[in-house]
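Peer 1: Chain residues, written in single-letter form:
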Amino acid sequence: MTKKPKIGVFKFTGCAGCQMEIFRMENEFLDLLKLFDISYWKMIKRDNDDEGLDIALVEGGISTPWEIEEIKCIRKKTKFLVAFGDCAISGCITSIRNWIPQMESEETVYPDPSKICSTKVMGIGEYIKVDAELKGCPPHRDTIIELLKSALLKIKPRLRQHPVCVECKFNENPCLITSKKIPCMGPVISAGCGALCPTLGRECEGCFGPMSNPNAAALADIFRDINLTDEDVKRKFRKYAGMSPEFRLEAGH
Amino acid sequence: MTEKTIHVDYIARVEGQGAINININKDGKIENLQFKIFEPPRFFESFLIGRKYDEVMELTSRICGICPVAHQITALRAIENVMGIDPCDQTKDLRKLMAISAHIQSNVLSMYFLSLPDLMGYESAIAMAKDHMDIVKRALELKKLGNDITQIIGGRSVHPVTMLVNGFSSLPSKNKLQAVKKRLVNLKKEAHETVDLFANIGIPDFVRKCEHVAISDSKYYAINEGRLKSSEGLDIDEMNYREHIYEKQKPYSTALHSYLKDQGSFMVGPLPRVNLNFDQLSSDAKNAAKRSGVKFPNYNPFVSHLARAIELVHDIDESIEIIDRLALKEEQRGITCKSGFGAAITEAPRGSLYHSYTLDNNGIVKKADIVPPTSHNAYNIEKDMHELIGTMPDATIEEIKFKCEMLIRAYDPCISCSVH
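Protein chains in written order, with our numbering: chain G, 1 to 253; chain E, 1 to 420.
Simulated from the structure, these hints should not be mistaken for lab results.
Virtual Cβ for every residue (Gly too), placed ideally from N, Cα, C.
Possibly wrong hints are sitting among the right ones.
Unchecked claim - Some residues of chain E that are not near chain G, with every Cβ distance over 10 Å (derived):
id, residue
1, F43
2, E193
3, T254
Stated by the list, open to error - Each computed EDC-like pair below joins lysine to aspartate or glutamate, with the alpha-carbon atoms no more than 20 Å apart:
id, chain 1, residue 1, chain 2, residue 2
4, E, K295, E, D279
5, E, K29, E, E382
6, E, K250, G, D112
7, E, K137, G, E26
8, E, K176, G, E26
9, E, K52, G, D232
10, G, K76, G, D49
11, E, K29, E, E321
12, E, K176, E, D93
13, G, K156, G, E146
14, G, K234, E, D54
15, G, K34, G, E146
16, E, K92, E, D394
17, G, K34, G, D54
18, G, K234, E, E55
19, G, K115, E, D9
20, E, K130, G, E146
21, E, K52, G, E231
22, E, K401, E, E387
23, E, K137, G, E28
24, E, K248, G, D112
25, E, K401, E, E31
26, E, K137, G, E146
27, G, K181, G, D232
28, G, K34, E, E141
29, E, K248, G, D50
30, E, K367, G, D232
31, G, K181, E, E55
32, G, K180, E, E331
33, G, K34, E, E123
34, E, K401, G, D221
35, G, K181, E, D54
36, E, K250, G, E106
37, E, K36, G, D112
38, G, K234, G, E203
Isolated chain G, as found in the complex:
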């Protein structure tokens, strides 16, 4: 029998929700243990080994000098490194603070900011080479399974790049923008959630980040046509992926 691939799960600046989504695979968790050697996962294990990893799932963005060193170190020890969730891809909602002077944020929260050494928050791709991105806040567990299966079979994972609108059509939802003039981010957001929010009676807020090659400017125009102010439009794009090249302009760079 060939050796089981070694997996490590790492947390940087984030909420641990992506790790919880791995652990949400209650049905598949025991199978996962048969197929993989989970050798590093601080939240679950006391004995951890991060040497010679086949796969690293990295949750969280980078927001301290210490984290820059740490992510480079993990990169060196890992064959296949995954930016696991929106924070690791582009900082997710924490990146809203990148538009606020750092000193101002620190003074809002801490009586003595001199003890804090934070920087703007960035995706891990800002500092290291990333082999795959799993979009979502959090990523859907079907995508996680797809990625792990592909890793076992040594093939490229099939990760979706089309917009949420496609999944909305599959669910036969009426379009919220055209039928109700509700500012839905669906047309520019990557699918993968199964059009969760529009199916449950509310607009997509964009938690899976930009789809491949979105027309963000056109959607921003539509939002202004249905009476959103410039500030409202900025808030829409400066949320889950304001730092992404696709949304930077509309987010107010």
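Let chain G serve as the given structure and place chain E on it in line with the hints.
Peer 2: Leaving out everything else, chain E in the frame of chain G:
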């Protein structure tokens, strides 16, 4: 005696990034003791300024991936308190079912996956599964139960989406709730087995009387609403929280430490809840507590595991009650933006959670103030650790390390939350 330096650079089996630093001099005196939280801050209270009232639930959900539901409900209630909105009973019931489901998930994670390996002599639940597959399977099934209820009502278990100011974007299907009710009834046995497991397992014999704090209500086991009370007579409305509790920054921690005015440290979490609200537990949960042979109120922090197990029995009972009385009718969600200040306290799985917001006339956030359970507990954890080390003068460095880690895990800290 020799000098001892205790250093754990990254505490395992807790959420987030924390360390322990302790120096004991050659007279056995503790000279320096730090529960050092080095989690990078995300500055939620800064970037929430300028955001709209209807985004606050969605944004603050991301403070924590384990207890997003608690942050969502606390944020929604604080915003509703600004606007003078009192949601209908159905909304309150559905929110309570959401909160309880999140407690089930989180408390099962804490008991079985984060702490039980310590008590059974394994490095992790993964290692434990080799010898005790039945226990790990039971844990996964209970955890799935909690997560599935959150998903049925909220759309997904991590960062659910349907809870809004004054209502829900969509109601759960009756059939799905009835199906989950059957599972709740069936898994009650597993909840009782959980109580028995934690009642009979060896825990350190360590008692430190400190002030226990939780929200409390005369009729219900308080989770989403109640007055903030303590074992020493504190009894306040959530809107007056800041008159009684303040925070200090420690140079070694990115999480602020909470203090009760004129009192000092205090504890929040499942043990204070069971201690203060024992009478409001379901009769089966009370019986399970009696069967355990452990007396409440109890001031051994390691009894927190058993408190979680007792709550699990109660959580299942109350979930069934709520599902039975839910009529699930479509309701109108009226909202009129108002400016002003609003605060709310709920019981997150790890204890009392405070949010407050100041909004302007357009519903834009002008000020945000958030205090998670682990900020409330951080100073108390240090005081417990101090006294715990005093009880083991002859212990080796490894033994002290392990006991301190166990103590911290008994509190089930949520470090990302505490820093936010």
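Peer 1: All hints are to be evaluated individually against the structure, with a verdict given for each.
Peer 2: Now the hints, each set against the structure:
Remark: the non-interface label on E:F43 conflicts with the geometry, its nearest Cβ contact in chain G lying 4 Å away (cut-off 10 Å). At roughly 18 Å from the closest C-beta of chain G, the C-beta of E:E193 stays outside 10 Å, upholding its exclusion from the interface. Distance check for E:T254 against chain G: the nearest CB is about 7 Å away, which does not clear 10 Å, and the non-interface claim fails. Between the alpha carbons of E:K295 and E:D279 the distance comes to roughly 14 Å, so the proposed pair stays at or under 20 Å and holds.
Distance check on the hinted pair: E:K29 and E:E382 sit about 15 Å apart at the alpha-carbon level, within 20 Å; holds. Taking the CA atoms of E:K250 and G:D112, the gap is near 9 Å; set against the 20 Å cutoff, the hint holds. A hinted pair counts as satisfied when its Cα atoms are at most 20 Å apart, and E:K137 with G:E26 qualifies at roughly 9 Å. The hinted pair formed by E:K176 and G:E26 meets the criterion: a straight-line CA distance of about 19 Å does not exceed 20 Å.
Between E:K52 and G:D232, the direct Cα distance comes to roughly 9 Å. Compliance with the 20 Å bound is thereby established for this hinted pair. A hinted pair counts as satisfied when its Cα atoms are at most 20 Å apart, and G:K76 with G:D49 qualifies at roughly 14 Å. Restraint check for E:K29 and E:E321: the C-alpha separation of about 53 Å exceeds 20 Å, so the hint is violated. Between E:K176 and E:D93 the CA atoms are separated by roughly 16 Å; this keeps the pair inside 20 Å, and the hint holds.
With a C-alpha separation of about 10 Å, the suggested pairing of G:K156 with G:E146 holds against the 20 Å cut-off. For the hint pairing G:K234 with E:D54, the CA-to-CA distance comes to about 15 Å; that is within 20 Å, so the pair holds. The straight-line distance between the Cα atoms of G:K34 and G:E146 is roughly 17 Å, inside the 20 Å bound, and the hint therefore holds. For a cut-off of 20 Å, the pair hint linking E:K92 to E:D394 is broken: about 53 Å separates their Cα positions.
About 16 Å separates the Cα atoms of G:K34 and G:D54, which keeps this hinted pair within 20 Å; it holds. Restraint check for G:K234 and E:E55: the C-alpha separation of about 13 Å stays at or below 20 Å, so the hint holds. Between G:K115 and E:D9, the direct Cα distance comes to roughly 19 Å. Compliance with the 20 Å bound is thereby established for this hinted pair. Among the hinted pairs, E:K130 with G:E146 is inconsistent with the structure: their alpha-carbon atoms are about 26 Å apart, more than 20 Å.
Between E:K52 and G:E231 the alpha-carbon distance is near 10 Å, which keeps this suggested pair within the 20 Å criterion. For the suggested pair E:K401 and E:E387, the alpha carbons sit about 14 Å apart, so the restraint of at most 20 Å is met. For the proposed pair E:K137 and G:E28, the alpha carbon gap of about 11 Å is at most 20 Å, so the pair holds. Annotation: proposed proximity of E:K248 to G:D112 holds, straight-line Cα distance about 10 Å (limit 20 Å).
About 16 Å separates the Cα atoms of E:K401 and E:E31, which keeps this hinted pair within 20 Å; it holds. A distance of roughly 24 Å separates the Cα atoms of E:K137 and G:E146; the hinted pair therefore is violated under the 20 Å criterion. Restraint check for G:K181 and G:D232: the C-alpha separation of about 14 Å stays at or below 20 Å, so the hint holds. Of the pairs offered as hints, the one joining G:K34 and E:E141 holds, with about 18 Å between alpha carbons and a cut-off of 20 Å not exceeded.
Between E:K248 and G:D50, the direct Cα distance comes to roughly 36 Å. Violation of the 20 Å bound is thereby established for this hinted pair. With a C-alpha separation of about 19 Å, the suggested pairing of E:K367 with G:D232 holds against the 20 Å cut-off. Between G:K181 and E:E55 the alpha-carbon distance is near 18 Å, which keeps this suggested pair within the 20 Å criterion. Using a Cα cut-off of 20 Å, the hinted pair G:K180 and E:E331 holds, with the two alpha carbons roughly 19 Å apart.
Among the hinted pairs, G:K34 with E:E123 is consistent with the structure: their alpha-carbon atoms are about 18 Å apart, no more than 20 Å. Proximity of E:K401 to G:D221 is assessed by CA-CA distance (about 59 Å); at most 20 Å being required, the pair is judged violated. Proximity of G:K181 to E:D54 is assessed by CA-CA distance (about 17 Å); at most 20 Å being required, the pair is judged to hold. Among the hinted pairs, E:K250 with G:E106 is consistent with the structure: their alpha-carbon atoms are about 15 Å apart, no more than 20 Å.
At roughly 17 Å between alpha-carbon atoms, E:K36 and G:D112 fall within 20 Å of each other, so this suggested pair holds. With a C-alpha separation of about 16 Å, the suggested pairing of G:K234 with G:E203 holds against the 20 Å cut-off.
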